[in-house]
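Colleague: Using the sequences and the accompanying hints, generate a full structural model.
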Amino acid sequence: MATDAISTFRPDTVSLPLVARLHDWVTTVDHKRLGILYILYSLVFLIIGGIEATIMRIQLIRPHNNFVSPDVFNRMFTMHGTTMIFFVVMPMLFGFANYFLPLMIGARDMAFPRLNAFSFWLTAFGGILLYFSFLGANGLYGAGNAPDVGWFAYAPLTSRTFSLGHSTDFWTFSLLVSGFGSIGTAINIIATVFSLRCPGMTLAKMPLFAWLNLVMAVLVVLAVSPLSAAQIMLAVDRYLGGHFFDTQAGGSAVIWMHFFWIFGHPEVYVLVIPAFAFVSEIVPVFSRKAIFGYSVMVAATVCIAFISMSVWAHHMFTVGMTANVNTFFVLSTMAIAVPTGIKIFNWLATMWGGKIHFKTPMLFCIGFLFQFLIAGLTGIMLSAAPFTWHLGNSYFVVAHFHYVIVGAILFATFGAFYYWFPKMSGKMYNETLGKLHFWLFLIGFHLTFDFMHIPGLLGMPRRIYTYEPGRGWDTLNLIVTIGVFFQAAGILVFVANLLWSYFHGDTAGSDPWDAWTLEWSTSSPPPVYNFAIIPVVRSRRPLWDLKHPEDPDWKYE
Amino acid sequence: MSTQPAVISDANITWELPSRGRVGMFCLISAESAIFTIFVVAYLFYVGKSLTGPMPKDVLHAPIFFTICLLSSSLTIHLAVKSLKRAKVGSFALWWFFTLALGATFLFGTAREWHHLIYDEGLTIQTNLFGTTYYSLVGLHAFHVTVGLLAITTVLLFALFGFVRQEHAERVDVLALYWHFVDAVWVVVFTVVYVIGR
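Protein sequences appear in the order of chains A and B. Under this note's numbering, the residues of the first sequence are numbered 1 to 557, in order. Under this note's numbering, the residues of the second sequence are numbered 1001 to 1198, in order.
Be aware that one or more of the hints could be misleading.
Covered stretches of chain A, going by a simulated chain B footprint (3 or more residues, C-beta under 8 Å) [as the list claims (entries may be wrong)]: (1) 184 to 192; (2) 195 to 201; (3) 219 to 229; (4) 245 to 256.
Keep in mind that the hints were calculated from the coordinates and are not lab data. Computed from a predicted structure; not experimentally measured. In this text, a Cβ means the ideal position worked out from N, Cα and C, and glycines have one as well.
Modeller: Given below as structure tokens:
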């Protein structure tokens, strides 16, 4: 066909000198390149945040350890949390959304390509600003370098009195800058979904990936903005002498908690809903079945997003709120388990009776399913206020949310990496290395985070830099730390696989998985303009219709 | 298996989607509303909690005239966009200039009020909780007015040099949406600061 010549056409950037190629990357407004920039950037920070976690775990490997000082330990947990949430998971998810959203809805780019580039560079410079604190935050006071107030930075730790120098300011401004980047990207995603769908793709015919990223973007708009507002208030307090969180002048430390968690809890769903999106694309393809309960999946997602706005104070049960407030937040938090459970059953029903192919992406998705279930169950335990009164700020909480973020979100994201790597690079990854990565990471994950629950139940608080021997925590902490090395080995295999496959992998072809969404209809990697001719779709699985003209989906939808 | 990126289906359908500019601006307005909500909540939460004076009831006077200026600028910008849609560029420039003038008058009103509060009443952002929340909330709004005025000035300059034509009506309309939002927020800020908070 004539279009073949067009789709295999490569812009001849390959022959350009290195400086010109780098210049192309820095000045690009192409959603695919920005997507890759987002993903590479988040991988760099994943390594950095992982090193910080490893430092903490080495410090806690035995009682009375002296690997790092308490001050360094405080900086490590603050930087680890801030990095992983804002500069690893969010950019990674934005990267996938950027790359695949236009491809999946048959568009040639995002709605606002230049805003897209601007948002990426805001996020990128936000991360650099945060890490510049190691050099620049001493200020005139010689008072410590990196932020050490914890990732939720409760008042009054952030006041001038308790945080001399500029470490907290670096934290504030880096999150403000990257927050504006996130809002920009979210606006872009929403406008792309509403204004750039290809002909025939009604909202009800969009891939679930597009739906879930739309919901995520709405949550970003509504949740990251309050964080930006709170950061502005904190900056007013610290630079202009305001009293928002200054209890000495009648201000309130608790209102910072409210403002932070009004952002903080929807943020969890900002992170996990794109992970749902990955799973909702991968599970059907590797089960060789259409997704079960498409419309219920959409409804459950919207429902989760809606409820997630009214559960924030379950992070604050130990602060001491009134019984009525506690009751409300207990019930709303428990209610969110219902739509989440619906989603789990839908994925299971998609696999049920399917012809399951246990490739690496599918393995990670199955890992996601089980681990997300357990993460949800400990979540329901913690949603009961009396339970949290005992275990708030303990390692049980740490284990719970790492189960969500590592066990669910990171697993799904690894699945997405393997699933779409052929599309992004044009090369197949190495299946053996992929499976090795999966098993190493699975073993490491369970060694670390299963065993982390128990010291929490035994009363080990989070954020302590060392502990007394003989409390029954010693062996457990040793096992937890050993798991970290398995995870690190898994990550090394993963990076090695990406690099090796990029240079030496087999050619993937445009549709290695025999999948059904539009991104597989164009070449791998796609040309700059994505589609030579804008496609027209009639069902949720346009490529199924194309491959099976005798039995197309649109006859049944 | 076919790999061509060609037409998936040749079904003939009519296809119309909302303009990306309007969708984008509505999203921006949602994000801005969330930011303002947090500042409004902080203001309301701290009403009457200042430990020292001056208190709002002693020093604040509702800026009725300047409020009328700002709110009527919503009308003038609407008339400007309407003129442009009908290709009346001259009338567009005139209404657009009125919008700029009314907005600038409002900003002058805020500046005058702040000057009075700082130099006559001794209320700064550091004085007490009222000062902190008042200057933050009103300042956040004034910042948005300033951004809007800069954008309006840019369009006015383009219009004066003859670059704004009928086909730009939709883009100008997006800016007008932002300006309506800034006006609507003032209604909330006015109610909170000068009615409830006093």
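Colleague: Please go over all the hints and tell whether each is borne out by the structure.
Modeller: Evaluated hints:
| no. | hint | in the structure |
| --- | --- | --- |
| 1 | 184 to 192 | holds (count 6) |
| 2 | 195 to 201 | holds (count 5) |
| 3 | 219 to 229 | holds (count 8) |
| 4 | 245 to 256 | holds (count 5) |
Every hint, counting from the list given before, is met by this structure.
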